[in-house]
Amino acid sequence: MAAPQVFPIAQVPLTTHAFSPDRSQVAVSLNNNDAQIYTRHGQEWTLTETLSEHDKLITSIDWAPQSNRIVTASQDRNAYVWSQSPDPSTGQLVWKPTLVLLRINRAATYVRWSPREDKFAVASGARAICICSFDEENNWWVARLIKKPIRSTVLSVDWHPNNVLLAAGSADMKARVFSAYIKDVDKRPLPSVWGEKLPFNTLCGEFASPSGGWVHSVAFSPSGDLLAFASHDSSITVVYPDASGAHGLINIKGSTLPYLTLIWTAEDAIVAAGHDCQPVLFKGGPEGWAMTASLDDATSTPRSAGGSPKPGVPPRNAGGVGRLNSAAFNTFRNADTRGGINPGGPTLASPGGVGVESEIMTVHQNTITAVRPYEHGANGEVTKVSTTGLDGKLVIWSVNAGAAGLAARLGGVHLR
Amino acid sequence: MDTAFRKIDIDQYDEDLLLETDLYDPDPRDPSTVLSDAKQKAAAVRSALAKGDNHGALLTILDQPPYGPGVDEAKNLTLQTVVLILNSTKSTDVQPLIKSLDSTAQDTLMKYLYKGMGMPGWGEVSGSVLLGWHEKLTEVAGTGCIVRVMTDRRTV
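The listed protein sequences correspond, in order, to chains C and A.
Taking the UniProt record's numbering, the leading residue of the first sequence gets 1, the next gets one more, and so forth.
Taking the UniProt record's numbering, the leading residue of the second sequence gets 1, the next gets one more, and so forth.
Calculated from the structure, these hints are not laboratory results.
Some clues are possibly wrong.
[Said to hold, decoys possible] Within a straight-line C-alpha distance of at most 20 Å, the following computed EDC-like cross-link-like pairs (lysine to aspartate or glutamate) qualify:
id, chain 1, residue 1, chain 2, residue 2
1, C, Lys147, A, Asp53
2, C, Lys147, A, Asp93
3, C, Lys56, C, Asp87
4, C, Lys148, A, Glu15
5, C, Lys148, A, Asp16
6, A, Lys90, A, Asp53
7, C, Lys148, A, Glu20
8, C, Lys393, C, Glu136
9, C, Lys148, A, Asp53
10, C, Lys148, A, Asp22
11, C, Lys148, C, Glu206
12, A, Lys51, A, Asp93
13, C, Lys96, C, Asp135
14, C, Lys147, A, Asp14
15, C, Lys147, A, Asp16
16, C, Lys197, C, Asp184
17, C, Lys96, C, Asp34
18, C, Lys96, C, Glu136
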């Protein structure tokens, strides 16, 4: 099985990332007001271009796969669409920004191109979502605002494959499905499970997890007929819509810290990641969902340091209630039971000669901020996903790694 | 310097003011029903405990706990009843008992553990019991359970 490919991009948090259509370049923001494009050379990523126009932190980046345009959203309340054009003097292709008139008075928090790439949605702290379309006459992007009934900051959005419906997760504890139908841009959408008549700003559904919590991430399934969202109560919820309005909700409670980001990899599979520092795979159907594996398999993944799991530290329980076995927990427990610790030191030798390190047993050493599809298989299912985290790492994972890892281990038992 | 202006509630002039009660579904029962329910459950728990049925007692009290504004008496009564069960459970029975609860009941139990720890003066009386249950419950339900207690606006 393929081990995850780990690329330490920077020593600072990566707030978000977006790959170029051919996956040879990646746009990231190093927790500042510049978007940076790295180009892959073998196993190395080198900085090739910096997109500077925002004057506050960039919160989200999306790279349109067909039209090769980048859109960035920032806390300076602006968004820019970047497209490549030849420089008049040198003839080299350079990225040029186009202004977007968002008309919001709070930070832009999240941005995504629509599937047909003729619109994009910008979520914001102004209790609004801007649906932006291009105005040929003035050569800029104009926004129409979805405001009602949003009561707080919108944290994430996701487009339905029909280019009209939009899901939004918000800090008022709700995930919602809206119509983002723009008359001059869209053809009338076919009726779907979410509704038939869909003028702009129609609310097609409003969902919450039983324990509430900010909705950090929303995603439509590949068919668009299901919705999943991750909320701060450490759970994910899958919505089975019903025309009568009696939508079915399946809530899967996690035993670890909350998830911040999720994507569907197939109609029956979701990858979620967040404060627990490892991407996990959920599988299920109408009869129920369950977490099946962690993509970060401690026994088959080369560690960033040392190359093998550290001696003395119990193997991390991928699915279970593992946090009590984490290295950080052990460090504190040792300090408590044995007394004395050299504060701030990365390693210390405990009396048993076992090194206790501040490094945790996952590939990502801090919260994962974004998970995105990286590679698709023959049937359209996502076979590889990419993640970035607050530890400055970019990691590419095989989605079936967890299951394959288990099979490989069982196979190994057979051989012996 | 006059700092009284800092106490002015400027939010009341905000038309779109987001209220605490907008963030969760209110309890469909009215406060008097909630209180009589709580009293009934407290009585049921006592008779169950007398029979040694700690499991049944815990299930009864963790079902539909009172939450929201205006039901403080029912909340206090329920908390006392929960602590009564916790105190009368042998420490060897704690883990199997927790494992037999469903995840919703586990979350609710964790809410009461934190509420109990937050009561002034309770530390000396039942602190070790609450901490013991907390440790066992965290082993079974994980940190996710604690996160849900902190996130949930339906405080007990």
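With a cut-off of 20 Å on the C-alpha distance, tell me whether Lys148/C and Asp22/A pass.
Holds: Lys148/C and Asp22/A sit about 14 Å apart, inside 20 Å.
Is the straight-line distance between the alpha-carbon of Lys56/C and that of Asp87/C 20 Å or less?
violated (26 Å)
Need the status of pair Lys147/C, Asp53/A: alpha-carbon distance at most 20 Å?
Not satisfied, since the Cα-Cα distance of roughly 53 Å exceeds 20 Å.
Restraint status (C-alpha distance of Lys147/C to Asp93/A at most 20 Å)
violated (53 Å)
Starting from Lys148/C, check that the Cα of Asp53/A is at most 20 Å away, please.
violated (51 Å)
Assess, step by step, whether the Cα of Lys197/C is no farther than 20 Å from the Cα of Asp184/C, and give holds or violated.
With Cα atoms ~17 Å apart, Lys197/C and Asp184/C stay inside 20 Å; holds.
Mind checking the alpha carbons of Lys90/A and Asp53/A for me, to see if they're no more than 20 Å apart?
With Cα atoms ~12 Å apart, Lys90/A and Asp53/A stay inside 20 Å; holds.
Can the restraint linking Lys51/A and Asp93/A be considered satisfied, given a maximum Cα separation of 20 Å?
Answer holds: Lys51/A to Asp93/A is near 16 Å, not above 20 Å.
Sort out whether Glu136/C lies within 20 Å of Lys96/C, counting only the CA atoms.
holds (17 Å)
Between Lys393/C and Glu136/C, is the straight-line Cα distance small enough, at 20 Å or below?
violated (39 Å)
Does Asp34/C sit within 20 Å of Lys96/C, going by the straight-line distance between their CA atoms?
holds (14 Å)
Below or equal to 20 Å on CA atoms is what counts here, so check Lys148/C against Glu206/C.
holds (12 Å)
Consistency with the previously given hints fails for numbers 1, 2, 3, 8 and 9, ordered from lowest to highest.
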